[in-house]
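> Given next are the chains, with one letter for each unit.
2 protein chains.
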Amino acid sequence: MTIAKKIDTMMSKSSWIRKMFEEGARLKAQHGDDQVFDFSLGNPNLPPPEKFGEILIETVTTCGPGDHCYMPNTGYPQVCRSIAEYLTNEQGVAIAEKEVLMTCGAAGGLNVILKALLDPGDEVITPSPFFVEYRFYADNHGGMLKTVATNPDFTLDLAAVADAITDKTKVVLINSPNNPTGQVYSDDSINQLGQLLKEKSHTFDRTIYLVSDEPYRKIIYDGIQVPSIFMAYRNSLIVTSYSKDISIPGERLGFVAVNPKAEFKSELIGALALTNRILGFVNAPALMQRVVACLQGESVDISQYAHKRALLCDGLAECGYEFIKPSGAFYLFPKAPTEDDVQFVKDLQQELILTVPGSGFGCPGHFRIAFCVNDQTIMNAMPGFKRAIKPYR
Amino acid sequence: MTIAKKIDTMMSKSSWIRKMFEEGARLKAQHGDDQVFDFSLGNPNLPPPEKFGEILIETVTTCGPGDHCYMPNTGYPQVCRSIAEYLTNEQGVAIAEKEVLMTCGAAGGLNVILKALLDPGDEVITPSPFFVEYRFYADNHGGMLKTVATNPDFTLDLAAVADAITDKTKVVLINSPNNPTGQVYSDDSINQLGQLLKEKSHTFDRTIYLVSDEPYRKIIYDGIQVPSIFMAYRNSLIVTSYSKDISIPGERLGFVAVNPKAEFKSELIGALALTNRILGFVNAPALMQRVVACLQGESVDISQYAHKRALLCDGLAECGYEFIKPSGAFYLFPKAPTEDDVQFVKDLQQELILTVPGSGFGCPGHFRIAFCVNDQTIMNAMPGFKRAIKPYR
Numbered sequence: 000m001t002i003a004k005k006i007d008t009m010m011s012k013s014s015w016i017r018k019m020f021e022e023g024a025r026l027k028a029q030h031g032d033d034q035v036f037d038f039s040l041g042n043p044n045l046p047p048p049e050k051f052g053e054i055l056i057e058t059v060t061t062c063g064p065g066d067h068c069y070m071p072n073t074g075y076p077q078v079c080r081s082i083a084e085y086l087t088n089e090q091g092v093a094i095a096e097k098e099v100l101m102t103c104g105a106a107g108g109l110n111v112i113l114k115a116l117l118d119p120g121d122e123v124i125t126p127s128p129f130f131v132e133y134r135f136y137a138d139n140h141g142g143m144l145k146t147v148a149t150n151p152d153f154t155l156d157l158a159a160v161a162d163a164i165t166d167k168t169k170v171v172l173i174n175s176p177n178n179p180t181g182q183v184y185s186d187d188s189i190n191q192l193g194q195l196l197k198e199k200s201h202t203f204d205r206t207i208y209l210v211s212d213e214p215y216r217k218i219i220y221d222g223i224q225v226p227s228i229f230m231a232y233r234n235s236l237i238v239t240s241y242s243k244d245i246s247i248p249g250e251r252l253g254f255v256a257v258n259p260k261a262e263f264k265s266e267l268i269g270a271l272a273l274t275n276r277i278l279g280f281v282n283a284p285a286l287m288q289r290v291v292a293c294l295q296g297e298s299v300d301i302s303q304y305a306h307k308r309a310l311l312c313d314g315l316a317e318c319g320y321e322f323i324k325p326s327g328a329f330y331l332f333p334k335a336p337t338e339d340d341v342q343f344v345k346d347l348q349q350e351l352i353l354t355v356p357g358s359g360f361g362c363p364g365h366f367r368i369a370f371c372v373n374d375q376t377i378m379n380a381m382p383g384f385k386r387a388i389k390p391y392r
Numbered sequence: 000m001t002i003a004k005k006i007d008t009m010m011s012k013s014s015w016i017r018k019m020f021e022e023g024a025r026l027k028a029q030h031g032d033d034q035v036f037d038f039s040l041g042n043p044n045l046p047p048p049e050k051f052g053e054i055l056i057e058t059v060t061t062c063g064p065g066d067h068c069y070m071p072n073t074g075y076p077q078v079c080r081s082i083a084e085y086l087t088n089e090q091g092v093a094i095a096e097k098e099v100l101m102t103c104g105a106a107g108g109l110n111v112i113l114k115a116l117l118d119p120g121d122e123v124i125t126p127s128p129f130f131v132e133y134r135f136y137a138d139n140h141g142g143m144l145k146t147v148a149t150n151p152d153f154t155l156d157l158a159a160v161a162d163a164i165t166d167k168t169k170v171v172l173i174n175s176p177n178n179p180t181g182q183v184y185s186d187d188s189i190n191q192l193g194q195l196l197k198e199k200s201h202t203f204d205r206t207i208y209l210v211s212d213e214p215y216r217k218i219i220y221d222g223i224q225v226p227s228i229f230m231a232y233r234n235s236l237i238v239t240s241y242s243k244d245i246s247i248p249g250e251r252l253g254f255v256a257v258n259p260k261a262e263f264k265s266e267l268i269g270a271l272a273l274t275n276r277i278l279g280f281v282n283a284p285a286l287m288q289r290v291v292a293c294l295q296g297e298s299v300d301i302s303q304y305a306h307k308r309a310l311l312c313d314g315l316a317e318c319g320y321e322f323i324k325p326s327g328a329f330y331l332f333p334k335a336p337t338e339d340d341v342q343f344v345k346d347l348q349q350e351l352i353l354t355v356p357g358s359g360f361g362c363p364g365h366f367r368i369a370f371c372v373n374d375q376t377i378m379n380a381m382p383g384f385k386r387a388i389k390p391y392r
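Protein chains in written order, with numbering that gives the first Met the number 0: chain A, 0 to 392; chain B, 0 to 392.
Just chain A, with the same shape it has in the complex:
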């Protein structure tokens, strides 16, 4: 073998998920794309807001010759300023231009943060179920991902988080609204988490950072509010992207914001600029930076996702599926009717329904349905969902 041993292991380990995707591709080739109900990917189906298209055309047609050049590794100052102003309102804390760093999506931003923070062997704690890529991101930079189960309703189990923190803990990484559960952590639980991290930082004489990955912040239902991270805990960072809320995941545009009250803030900001550079991101894509600067607060029509959520939840409840209704994002994470979630996902494939087993998110016995699909796909899949659960009832 000529590739790195670790990468080789990762490839063979993830091969059962790959096999599932390959099976999906096989089914599509056999039956036709439109005959297969693909709920496997968080690839938003709603088009970007109309204003995105307008601003994009305007930006492109008014491009000057220097507009595709390098800019500071942290991004265009005017773009950071525009985001800082929006965030100030969102977080209830005054945020300055220099506290915002433009990144290649949230995935890029998370790598930039972890590279800047982790010493070898440092632990990153994340509530489970969790976005599976977190494990790779921590490992990329010499860290270890440590997962802590949430409560059965997927709310934060603060006692479990407290127990998990050690003198090796450098980061607590949360994702709310959550992928794969769609749960939004309450204001209370975020404040308690902040208090806990303050105490634990004191106990271990070591700054523990709260990193909040929130690309789904604007995709929320029933008038729920996503709490302010910066109000809850000073040593915190927000990382997010425009992938989901304005449906441009392929463009790789996001940002990191550093709490203006963070200790050693200027070292931290300097470190993020350095890691953005040396990891090879260099800077977030120039044109899209200038576009999103004009789209602060914009989002796709969330009521359409709310409608899809209703269609899916009502339909599955009627079939007898058990689940916690998501307060945000576009995922549902029902219990599989058997402990063997991989088997049940295969059963669904027999019905030409593609989903992802909970094992892929550190939570066996469940499966994830991404409902960022056409309403018709949801409705037409219902008979299949009904047939698949029948043998288990």
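For the record, the hints were derived by calculation from the structure and aren't laboratory data. Take these hints with a grain of salt, some might be off.
Which copy is meant is left open, because identical chains are indistinguishable; a pair holds if it fits in one copy or across any two.
Unchecked claim - Derived lysine-lysine pairs resembling BS3-like cross-links, with alpha carbons at most 25 Å apart:
no.	residue 1	residue 2
1	Lys145	Lys199
2	Lys18	Lys264
3	Lys5	Lys264
4	Lys145	Lys4
5	Lys167	Lys199
6	Lys167	Lys145
7	Lys4	Lys260
8	Lys18	Lys97
9	Lys167	Lys334
10	Lys167	Lys260
No experiment lies behind these values; they were computed from the predicted model shown.
Dock chain B against the given chain A, drawing on the hints supplied.
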């Protein structure tokens, strides 16, 4: 200190370069941007080719709703195909769509390659002077950069490369046309290097990869040819970007191509797709992928760089500077008139001329002039260059 110790060290180590840039910024603030002769950055000053603007507007105005979505981690198949066709002609070897992987620039591509290949402690050999970021890229993924001096005329010293290869060597990384010297390695030397790597791979029973970083391939002078890497050695990869040849460095668009004859090719391609994903790049920016697919073979007007090269070389020769005339790229790497290149760069700053000391490229006693600037900047800086060298003559 709360940031990672290694990052903290990197920040303090690079601080003298940073201080130099800060000094440049201070000079600009004091004297006005146009009074300072800034040769410090490889930020191309020529505008992108006209066709770029046309294709960009056409691409944006014909965007469909799914055109900003995720695509395969390796890039749009039709974009990879278009590049593979162009490369087939350039390299003289038939290259298939699946052998091309779209990346966030060459910097992204290099990280993707090294993450895919390096086991802890593996060595990456590169001829010196070298692009300083290589050291970070190797270190990011547990590797060690090992530099090998080139000949005094900056051509490859193959005996030195042979001596440097050990049972830890996994990659030989070349950059031709070179940053900072502008030298282009000859067909002969590339073929000999290929032969050497074949022998050494056999000796150590271990595949040694040749990675060719070639963002300056199209920026060449005097009708010189850049040799085919794929013809010279089977276990090779090309990594490049559109940053320099069409002047869009801020857009972060490049690609990796795998030699169609490489051993374990499918594992290697799979590994690259995986590392592109888990490093957080996920995919190269969507819109620009589709734009560059229509710009294969395009470049800025190279004759303008040739003119700048002539202005600079003629002027500096007259002042008494010694240098090897660059065959490509837009850098000149003259000898400093003293061994203390940092001091001489400071002397030049007194003349409001900003350059980078050779120490920053592993080659003290030299300094780098990036001549991707206005002709006027070159001409107006000449009296300063003349005054700066005077005390040393």
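> For each hint, tell me whether it holds in the structure or not.
Structure-based check of all given hints:
{"no.": "1", "hint": "Lys145 <-> Lys199", "in the structure": "within (16 Å within a copy, 42 Å between copies)"}
{"no.": "2", "hint": "Lys18 <-> Lys264", "in the structure": "between (45 Å within a copy, 20 Å between copies)"}
{"no.": "3", "hint": "Lys5 <-> Lys264", "in the structure": "between (34 Å within a copy, 17 Å between copies)"}
{"no.": "4", "hint": "Lys145 <-> Lys4", "in the structure": "both (22 Å within a copy, 21 Å between copies)"}
{"no.": "5", "hint": "Lys167 <-> Lys199", "in the structure": "within (11 Å within a copy, 42 Å between copies)"}
{"no.": "6", "hint": "Lys167 <-> Lys145", "in the structure": "within (11 Å within a copy, 32 Å between copies)"}
{"no.": "7", "hint": "Lys4 <-> Lys260", "in the structure": "between (42 Å within a copy, 22 Å between copies)"}
{"no.": "8", "hint": "Lys18 <-> Lys97", "in the structure": "between (44 Å within a copy, 19 Å between copies)"}
{"no.": "9", "hint": "Lys167 <-> Lys334", "in the structure": "neither (34 Å within a copy, 49 Å between copies)"}
{"no.": "10", "hint": "Lys167 <-> Lys260", "in the structure": "within (23 Å within a copy, 46 Å between copies)"}
In this structure, only the earlier hint numbered 9 is contradicted, and the remaining ones agree with it.
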